[in-house]
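Assemble the complex: chain U is given as a structure, and chain G must be docked to it using the hints.
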Amino acid sequence: MKRIGVLALQGAVREHMRSIEACKAEAVAVKRPKDLEGLDALILPGGESTAIRRSIDRCGLMGPLREFAETGKPLFGTCAGLILLAGAVVGYEEPHLGVMDVVVARNSFGRQVDSFEAALSIKGMAGAFEAVFIRAPHIVRAGPSVEVLCEHEGKIVMARSGQFLGCSFHPELTDDHRIMEYFLNMVPPAAEALLPNDSIYSKV
Amino acid sequence: MSEQGTNRVKRGMAEMQKGGVIMDVVNADQARIAEAAGATAVMALERVPSDIRRDGGVARMADPRITEEVMKAVSIPVMAKARIGHIVEARVLEAMGVDYIDESEVLTPADEEFHLLKNTYTVPFVCGCRNLGEAARRIGEGASMLRTKGEPGTGNIVEAVRHLRQVNAEVRKVVAMSEDELMTEARNLGASYEFLKEVKELGRLPVVNFAAGGVATPADAALMMELGADGVFVGSGIFKSENPEKFARAIVEATTHYQDYRLIAELSKDLGIAMKGIEISTITAEERMQERGW
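Protein chains in written order, with the numbering used here: chain U, 1 to 204; chain G, 205 to 498.
Next comes chain U alone, as it looks inside the complex (with noise of 0.2 Å):
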């Protein structure tokens, strides 16, 4: 079974937890560097990325964090866990990991009032998939590498880079797990099977 972690300092833990549950993979909390230990893939959640930066940064877990990325595992960031994936940051001088080679605003669309659901169409994925925007952040720059998965309003609200996937919104607020299926998708079958719990060793 598939390990992925969710960083668990603030934020919609819980619901990319159970999103992750109902895609049949193991949910881990993710609070210190330790946490961090054989895990697949890893999951930014929704939250505020100001607060979850300083809670980062107080936990020492910036250094392990970039060596999780370093180690070519999959990443999801969503809203406030793109914006900490991000190379940079709009009107900051310093990105957070640094690692996603996209340039992302906070708070594009406006204030709470401003925030929406939308029904959008994504690149690769049949029918439309119900999205909730809060406060949400946007792609402002994508880099060479990056493939647009999706735009709302001429705004990019989802992208993959290489090992990195992020998005503006939260699908963890719905039980469409689309979304989840493909971040899964993107940790390699070969690592898994190299767990030792895996069913293949544990019917040995």
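It should be emphasised that the hints constitute simulated quantities derived from the structure, not laboratory data. These numbers were taken from a predicted model, which means no experiment stands behind them. C-beta: ideal position from N, C-alpha, C; glycine also. A hint or two may mislead.
Unchecked claim - Calculated lysine to aspartate or glutamate pairs in the DMTMM-like style (CA-CA distance at most 25 Å, straight line):
#, chain 1, residue 1, chain 2, residue 2
1, U, Lys34, G, Glu430
2, U, Lys31, G, Glu405
3, U, Lys24, G, Glu405
4, U, Lys123, U, Glu153
5, G, Lys401, U, Asp176
6, U, Lys34, G, Asp464
7, U, Lys73, U, Asp176
8, G, Lys480, G, Glu430
9, U, Lys2, U, Glu67
Said to hold, decoys possible - Just a sample of chain U residues kept apart from chain G, beta carbon distances all over 10 Å, derived:
#, residue
10, Asp35
11, Glu37
12, Gly60
13, Gly63
14, Glu70
15, Glu94
16, Ile122
17, Ala126
18, Val140
19, Glu147
20, Cys150
21, Gly154
22, Gln163
23, His177
24, Asn185
25, Pro188
Then chain G, alone, in the frame of chain U:
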């Protein structure tokens, strides 16, 4: 095609606050201190609850100038308080673009019978509750987030504990009930049957529930998390302490790591003096803010 002010958008905003600390602030400087300490939102108001309690008189919506300054000063969400049942204060706050309105018993109620019909607004609301019936009625009117009331401005956690335990005990009771007992429970609690059915199906409240009203120390905040709060509101506890920056940071960290007791011990060292606090029995029934609203 996009749709604003839906239940998912309004309740979802509160979901993003989970595990966080929402701090009362009365000016832009305090708001910046709160944001730097890792608050997930700030509550802009004219006086913190302990000052409202001390000063007496009628407490109203803050001067819009203060709220605007706070909105300009920080990038995190800004909440503001309207009096219970004060339709126009709430509409004014919505027009100003505040991110969440607290229909709050901390202010003097404008209506002793009717709360706001909150599902007619685009802006989401948070409301206080002391038990599951009160929670059900506020959600029925359209509240997208709850907070247990506690006794604001006292720095005394006892009422916050009482209310959070009460709500959670009643949720557990409903979840364990057989379905044919729900209607009678609905009558007893003053809650709708449909609401109790939803609680039973979900196994929890349908919206986020923070704790409020008496949190004064990092250990208090951790206690509320231990008892099942989704996060905490800190009113007077931070800016009425001797060292607000330190208190704010420590309370945020204790909320995140509420079961790391060694860490909470470290965080609690040399914090300086917490707000003085008031013994509840010295407050007459008429002066208890938790009695406001129903």
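- Task: Could you tell me which of the hints above the structure violates, numbers in ascending order?
- Result: Hint 2 alone not satisfied by this model.
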